[in-house]
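Protein chains in written order, with this note's numbering: chain A, 5 to 330; chain B, 127 to 440.
No wet-lab data here; the hints were simulated from the structure.
Every residue gets a Cβ at the ideal spot worked out from N, C-alpha and C, and that includes glycine.
Watch out, some of these pointers could steer you wrong.
To give a feel for the contact side, a few chain A residues facing chain B, derived at Cβ under 10 angstroms [what the hints assert, rightly or not]:
#, residue
1, Thr143
2, Leu165
3, Gly166
4, Asn223
5, Ala290
6, Ser309
Computed footprint of chain A on chain B, listed as stretches where at least three residues anywhere in the stretch have a Cβ under 8 angstroms from a Cβ of chain A [as the list claims (entries may be wrong)]:
#, region
7, 278-287
8, 308-316
9, 362-370
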Amino acid sequence: MRYTLSKIGLLLLTLWAAVTLNFLLPRLMPGSPADAAIAKLAQNGPVSPSTRAAIEAQLGVPTGSAWNQYVEYLNNVVHFDFGVSYTFFPQSVASLVGTALPWTLVLVGFVTIVAFIFGTLLGVLAAWKRGSWLDTLPTVGGTFASAFPYFWTALLLLFFLGYVAGWFPTSGAYSSSATPELSVPFLLDALYHSILPATTILITSLGGWILGMRSTMINTLGDDYVTFAEANGLHPRTVAIRYAARNAILPNLTSFGLALGGVVGGSLLVERVFSYPGVGYLLYTAVVNQDFPLMQALFLIITISVLLANFIVDILYGILDPRTRR
Amino acid sequence: MTPTRTIVPPTSVVKTMSPGTHDGGGANPLLVVWRAFATIWSVPKARIGLALLGFFVILAVFAPLLAPYAATDNTFGRSEDMSPAHWLGTTAAGQDVLSQIIYGARVSVFVGFVAGLLSTIIAVLIGLSWGYLRGPAGEVINFIVNLFLVIPALPLMIVIAAYLQNGGIGMIVLVVVITGWAWGARVLRSQTQSLRSRDFVTAAIFSGESPSRIVFREILPNMTSLIVGSFFGASTAAILAEAGLEFLGLGDSTTVSWGTMLFWAQNSNALLTGQWVLLFAPGLCISLLATSMSLINFGVDGLSNPRLREGAKR
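Pulled out of the complex, with its shape left as it was, chain B reads as follows (with noise of 0.2 angstroms):
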C-alpha cells in the first residue's frame, strides 16, 4: 500500500503539486474507500468495531429472516421468563423480546447512518469555508453557527417532539440533523484554521490557485481522519438521542425500536417485577452499536497521518 500518491488531474497543466493532495485528482473513487477501509482494518481495535457494525447491519437488513416471531405479534404470554421458546422473555404485552431486539436494529442503523451523513456533508462545508475564510464573512458564519449551537440538541429535540405529536422517524432524522451539524463544523474550524497558515497553504495561493480548490483539494484531504471521525460521532449522537426521545414516550411508540422497548419496560414496571432482561437487553444493544462506531475512529488516525498508521513508530 502507498501512503501517498500526487496524480495529476488531467484536466489541469502542468503545476507543482502541494503536499495536501493525497488523493486527488483522478484517483478511482473506490480504491479511495478500499485503501481507508484497509487503513482502519490495520488496527486491531477498529477491526472489532468494523466486525461489531457489520454486524448489526446485517441483524438490521436480514431482520425479517433472523426473528423467530414477529416484531408486534403480542399473542404470546405475559411478562415470561427467559425459555427455549422465548429466549429473552416477552414484554408485558406479550411480544417477544428477541425478536423485537432483532427488529429494532432496523430504526437505530437507519437514523444513525443517513443523520451522520447528512450532519457530515453540512459540517464538512460550513466548517471549511467558515476557518479558510478571515473577515466579515467568517463572522456572518461564525454567528449562524453560534446561533445552532447555542439551541441545546436534547432539549429542543424534546420541544419540536412533543408539538408534533407521534412523529416519525423522518421527524427524527430531521431535528437530528438541525441539531447536530454546528459541532463537527466547529471542530473542523479549529483544525482549518491551523492548517491555514501551513507553508504547503501559502505555497498554493502563491500558485494561483482559487480558494474553493485550496480549501476542499489542499486542505481537506489532511483532514480525513478529524471528518470520518466526525460521521461517526454524528451518527453515535443521532442514535442516542433517538432512543432518548423513544425512551420519553416522544417519538412514535408504535414504532419498535430499542428506544420504544425501554419506554415500555419502563412503564410496566420491570424495575419494580425484577424482569431486567427488559431493561438490559436494548440498552446494551445501543451502546454496542455506538461503541462499534467509537471503535472504528481508532482506526482514522491513519487515514490522514502515515506517520500514526499501525506498526509506524511516533
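Bound-form chain A, shown alone (with noise of 0.2 angstroms):
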C-alpha cells in the first residue's frame, strides 16, 4: 500500500513536472508564430503595423509576465482547453486531438499488444533453443526486420502493395466516399485501410521483443536455480516457463511501459507516409505549419499517455517482484 501510495505522488509529481517543461520549450526557442505567418505573409508584400498588430491579435501572442503566462496555462490544462488551431482556424486544438486520438490508440496500442504478446513467446523459445534454427530464424529475421527504418518499411509495403500490386488504398484510414460512423461497412473500410499501417508496425517491433526477451531469459538461464531445477529432473518446459521465464519477463515488462507510451509518437512516421488521421500525422502538420497550440497539445497528450503506461507498469512491477518493495 505504502509502494502504490508512493507512486502516486510521484505520478501527480512527474505530471506536474512534463506539463510544466511542456510550458518552458517552447518559450525557449527562437522565434514566434505571428512572425511565422507573417513571415509567409510577407512573401507576397510588405506588411503593414496594422496588419502585423491584427495578426498578432488574432493569433493569440501571449502577453503578460512569464508567471501569469504561467498560471494561465496551467488553468487551461485543468480545463482541456488548448486554445484554437492556427492551422485548422477556426476549429479547437482539444476537438482535433480528440479527432485523432483514437485512430492511433487504436491501431498502434494493438499492434504493440499483439506485438509484446508473440515477442515475448518467441524470444523465450528462442533462448530455450539455443542454436537450434527455432532460435535462429526468429533472429536472425527479428533483427534484420527491426533495423528497419519505420518509414522505409512502410514506403516499401506502400509502393509494391500499394501502387505496384494494387491490392490495399494508398492513404487515408477510411475511402473518401465513407462517413466515419459505428457501422459495419464502415468498420470494415476502416480496417481494410489499417491493413499496411499495421504490417508496418508489427514487422518493425516484433523483432525488439524477440531480441529482448531472448536476450534476458539467456541470462536467467545461466542463473544457479535454474540449473537446480535442471538437476531436480524437472520437465524441460516447467523449467522453461515456470522458472526462466518468469523472471526473465521484469526486465522485458519496464520496457513494454515505454514502449506502449512511446507508440503514440513512434507511429508518427508510419502515419505520415500513409496520411493516416492520427496523432502523428498531425503532430507532423502542426509542425510543418509552426502551429504552437496543436502542437503543444498534442505533445502533452503523448507525454501524459507515456506516464500513465509507466505508472501502470512500476505497480505491475510491485506486485510481481516483492523485492523492489522493500
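Two chains, two frames, a set of hints: combine them into the complex.
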C-alpha cells in the first residue's frame, strides 16, 4: 500500500514537471508564431504595422509576465482548453486532438500488444532452444526487420502492395466516400485501410521484443536456480516457463510500459507515409505549419500517455517482484 | 584465452578479491579491448556483423576515393535508369545515386558512433549509481530519469528541429543524446538492482570498500555485455532517428545522407514513376548498418558470462 501511494505521489509530481516542461519548451526556442505567419505573408509583399497587430491579436500572442502566462496555462490545461489551431482555424485544438487520438490508440496500441505477446513467446522459445533453427530463424529475421526504419518499411509496402500490386489503399484511414460511423461496412473499410500501417508496425517492432526477451532469458538461464531445477529432473517446459521465463519477463515488462507510451509518438513516421489521420500525422502537420498550440497539446497528450503507461508498469512490477517493495 | 583473471591493483594492500573484478586493476586496456573483440569474433553471427560494420566504416572513411563522382555533382541526366556510367541510376536532380550512397555512409556512421558513445557514458554513470543507491537519492534520480523518459524521443526531436530550421548534424547528435540515454540507464539499473543483493557485493561492503568502487569495479564488469549492448542499441537508435528526421525534411536537406536521399526520392515522386532503386538503396543501407550492430550484440552475451561463450554448454 505504501508502495502504491508513493508511486501515485510520484506520478502527480512527474505529471506537474512534464506539464511545466511543456510550457517552457516552446518559450526557450527562438521565433514566435506571429513572426512565422508574417514571414509567410511577407513573401507576397510588405506587411503594414496594423496588419501585424491584427495577426498578433488573432494568433493570441501571449501577453503579461511569464508567471501570469504560466498560471493561465495551468488553468487551461486543467480545463482541457488548448486554444485554437492556427492551421485548422477556427477549430479548437482539443477537438482536433480528440478526432485524431482514437485512430492512433486503436491502430498502434493493438498492434503493440500483439507484437509484445508474440515477440515474448518467440523470445522464450529462441533462448530455450539456443542454437537450433527455432533460435536462428526468429532472431536473425527479427534482427534484420527491427533494423528497418519504420518509414522505409512503410514506403516499401506502400510501393509494392499499394501502387504496383494495387491490393491495398494508398492513403487515409477510410475511403473518401465513407463517413465515420459505427456500422459494419465502415468498420470493414477502416480495417482494410489499416492493414498496411498495422503490418508496418508489426514487422518493425516484433523483432525488438524477440531479442529483448531472448537476451534477458539467456541471463536467467545462466542462474543457479535454473541449473538446480534441471538437476531436480523437472520437465524442461516447466523449467523454461515457470522458472526462467517468469524471472526474465520483468526487465522486458519495463520496456513494454515505455514502448506503449512511446507508440503514440512513434507512429508518427508511419502515419506520415500513409497519411493516416492519427496523432502522429497531426503533429507533423502542426510542426510543418509552426502551429504552436496544436503542437503543445499533442506533445502533452503523448507525454501523459507515457506517464500513465509507466505508472501501470511500476504498479505491476511491485506486484510481480516483492523485492522492489522493500 | 583465460576467461577470468584477478589482478590486484598495484596501489591496494593485500585484500580479498571478489568474483566481480574480472578485468579490473592494472590490465592493459588494449589487451582488454582485444580480448573483448576476440570474444565477439568467436560468435559466427557477430562475425558477420563486425564485417558489415567494417565495410560501412571503410566506405565512410574512404568515400572520396571510392565514389565515382562527387556527391553533389548534378550535371548528369535526370532520373536515369541503371547504366554502366551510373550503376544505380541518377536522381531527379541529376546526381549519381551510387556516389550519394557512398558519401551518405559518412553521416550515418558518424552520428551512430558519437551519439551512441555519449548516450552510453551517461547511461552507465546514472544507471549504476541509481540502481545501487537506496533511499531519497535513488528517488531523486528516478524522478530525473523518468522526466527524460516521458519526453518521447522522436516527437521532441521533431519539435526542436522544427524550431531550429535546417539545424546541422551537431544539432541532431545533441537531440539524440538528450533523448537517448535514459533508456539505457533504466535497463542498467534493473540489472544493478538484482546484482546488488548478490553475495560478492555483500562481501565487498563488509570488507569496507567505498560505494563508488563497489559500483564501478565489482558490479560494472558483470554487466559488460549489457553496456556494450546498450552502446550498439543507442547507436542503432541514433542512426534510425537521424534518418527519420531527414526523411521528414527537418534536418539540413542539402546534406548528402541516406535520410535526405529518401526525402528527395519521395518528394520527386519516385513512388509513382517506379524508380524503386531510389527508395530501396538508401533504406537498405540504413537497415544493414543497423543490423550489423544488432548482429554484433549476439556476441556480447559471452563478455560477462564465460559460460555463454561459444563452445560452452548451457
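Okay, the hints, checked on the actual structure:
Interface restraint check: Thr143/A against chain B, minimum CB-CB distance 7 angstroms, threshold 10 angstroms, status holds. Hint status for Leu165/A: violated, given a least beta-carbon distance of 12 angstroms to chain B, over 10 angstroms. Taking 10 angstroms as the C-beta contact cut-off toward chain B, the hint placing Gly166/A at the interface holds, the least distance being around 8 angstroms. A cut of 10 angstroms between beta carbons decides the hint on Asn223/A: the least distance to chain B is about 8 angstroms, and the hint holds.
A distance limit of 10 angstroms between C-beta atoms decides the matter here; for Ala290/A the minimum to chain B is near 9 angstroms, and the interface restraint holds. For Ser309/A, the interface hint holds, the least distance from its beta-carbon to any beta-carbon of chain B being 9 angstroms, beneath 10 angstroms. Beta-carbon proximity to chain A at under 8 angstroms applies to 8 residues in the region 278-287 of chain B; the threshold of 3 is reached and the given coverage holds. For the region 308-316 of chain B, the proposed coverage by chain A is satisfied: 4 residues have a C-beta within less than 8 angstroms of a C-beta in that chain, meeting the threshold of three.
Counting residues of the region 362-370 of chain B whose beta-carbon sits less than 8 angstroms from any beta-carbon of chain A gives 4, enough to reach three: the coverage restraint holds.
Against the hints set out earlier in the document, a violation occurs for number 2 only.
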